[in-house]
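J.: Here is what each chain is made of, one letter per residue.
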Amino acid sequence: MNAPSWTTVLFWFFAAGGVITGYRVFRADSMVRAAFFLLASFAATGGLLVLLGAEFLGMVLILMMAGEMLVMAIIMVMYMMNPAGLNPMFMVHQHRTSVIAAVASFLALAVLPFVITLPARANPRPVAATAQLGTELLGDSMLVFQTAGVTLLATIVGTVALTSRRGRYGDAEEGSKEPPLEEEAMESP
Amino acid sequence: MNLQAVLVVAAALFAIGVYGALSQQSLVMLIMGLEMMINAGILAAVGFWSLAAGGNPQGEMLVIMFMTVMAVEMALGFSLITNVYRIRRADITEKLRRLRE
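Sequence lines, in order, name chains A and B.
Per the numbering used here, residue 475 is the first one in the first sequence, and the count goes up by one each step.
Per the numbering used here, residue 842 is the first one in the second sequence, and the count goes up by one each step.
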């Protein structure tokens, strides 16, 4: 058996890093730290994408997620209690069900590749993936690309409409009520 | 590095995402779980594109659509969280028992 190539080593490095930091997201005491763990997980996935030959997509994923996670960290500091992680935090519900669902989905998805016959037509190496993607984006798949752009534009409009305080239907806080200072009783529906 | 290994890693990420989306009380952490599931989808799609699709660039288009969905989901999720926080002063799912009050 020959020594593992550097792509194999890097692959397992990124894979283990992505999964471990992904797990740490939901075990971190601070939500800001959780956001940065998620960013690390995404960066590892971006590394895997680059290893798989999708350099452009991997880099886009990392850049996009860097921005998203910074926004997420700011949102955390704005809204959440205990953003600094000074106290241990474990805010979960239906824990058993979640663990069972996660393990079941992992087993189902991880066993599947070994029991079915996967197509094995690897990309020709070297493949100019970025140039091909550019041609595809501005060629045959332009409609798809434009649809994605219009979807993002609609998202911008929808987000502004949802978060503006005064809208077409009056003040956003009209009819809302301040919560009581003491812990409100959880009544069952 | 073969397709099975990529898919197993994607399955692990997806399972962590399922756990997060189902178990977290905080709305933002819930969104993190959803993002991680889409991330697993991206990884699996690129794995298929790279190792099973023979270099068809339309596979990468699919991944770009995944990324669009990710951005849309996060932006709309955050605007909804902002609204919920403004109206109910709530940031966890348990406080949203009733849709209308």
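By construction, these hints were calculated from the structure, which means they are not laboratory data.
All values derive from a computational prediction rather than experimental measurement.
Keep in mind that the hints are not guaranteed to be accurate.
Said to hold, decoys possible - The calculated SDA-like cross-link candidates involving lysine to any residue, where the alpha carbons are at most 20 Å apart (straight line), are:
id: 1; chain 1: B; residue 1: Lys-936; chain 2: A; residue 2: Val-566
id: 2; chain 1: B; residue 1: Lys-936; chain 2: B; residue 2: Val-925
id: 3; chain 1: B; residue 1: Lys-936; chain 2: A; residue 2: His-569
id: 4; chain 1: B; residue 1: Lys-936; chain 2: B; residue 2: Leu-863
id: 5; chain 1: B; residue 1: Lys-936; chain 2: B; residue 2: Asn-924
id: 6; chain 1: B; residue 1: Lys-936; chain 2: A; residue 2: Gln-568
id: 7; chain 1: B; residue 1: Lys-936; chain 2: B; residue 2: Tyr-926
id: 8; chain 1: B; residue 1: Lys-936; chain 2: B; residue 2: Leu-921
id: 9; chain 1: B; residue 1: Lys-936; chain 2: A; residue 2: Met-565
id: 10; chain 1: B; residue 1: Lys-936; chain 2: B; residue 2: Val-910
id: 11; chain 1: B; residue 1: Lys-936; chain 2: A; residue 2: His-567
id: 12; chain 1: B; residue 1: Lys-936; chain 2: B; residue 2: Leu-871
id: 13; chain 1: B; residue 1: Lys-936; chain 2: A; residue 2: Tyr-553
id: 14; chain 1: B; residue 1: Lys-936; chain 2: B; residue 2: Gln-866
id: 15; chain 1: B; residue 1: Lys-936; chain 2: B; residue 2: Ser-920
id: 16; chain 1: B; residue 1: Lys-936; chain 2: B; residue 2: Thr-923
id: 17; chain 1: B; residue 1: Lys-936; chain 2: A; residue 2: Thr-591
J.: Take the hints in turn and mark each one as holding or not.
T.: A quick look at each hint next to the structure:
1. B/Lys-936 - A/Val-566: Holds. B/Lys-936 to A/Val-566 sits at ~14 Å (cutoff 20 Å).
2. B/Lys-936 - B/Val-925: 10 Å, holds
3. B/Lys-936 - A/His-569: 18 Å, holds
4. B/Lys-936 - B/Leu-863: Since the Cα atoms of B/Lys-936 and B/Leu-863 sit roughly 16 Å apart, the hinted pair holds (cutoff 20 Å).
5. B/Lys-936 - B/Asn-924: 14 Å, holds
6. B/Lys-936 - A/Gln-568: 15 Å, holds
7. B/Lys-936 - B/Tyr-926: 10 Å, holds
8. B/Lys-936 - B/Leu-921: Since the Cα atoms of B/Lys-936 and B/Leu-921 sit roughly 14 Å apart, the hinted pair holds (cutoff 20 Å).
9. B/Lys-936 - A/Met-565: This hinted pair holds, its Cα atoms lying about 13 Å apart.
10. B/Lys-936 - B/Val-910: 27 Å, violated
11. B/Lys-936 - A/His-567: 13 Å, holds
12. B/Lys-936 - B/Leu-871: Holds - the C-alpha atoms of B/Leu-871 and B/Lys-936 are around 14 Å apart, at most 20 Å.
13. B/Lys-936 - A/Tyr-553: 14 Å, holds
14. B/Lys-936 - B/Gln-866: Holds, at roughly 10 Å.
15. B/Lys-936 - B/Ser-920: 18 Å, holds
16. B/Lys-936 - B/Thr-923: 14 Å, holds
17. B/Lys-936 - A/Thr-591: 47 Å, violated
Hints 10 and 17 from the list above are not met by this structure, while the remaining hints are.
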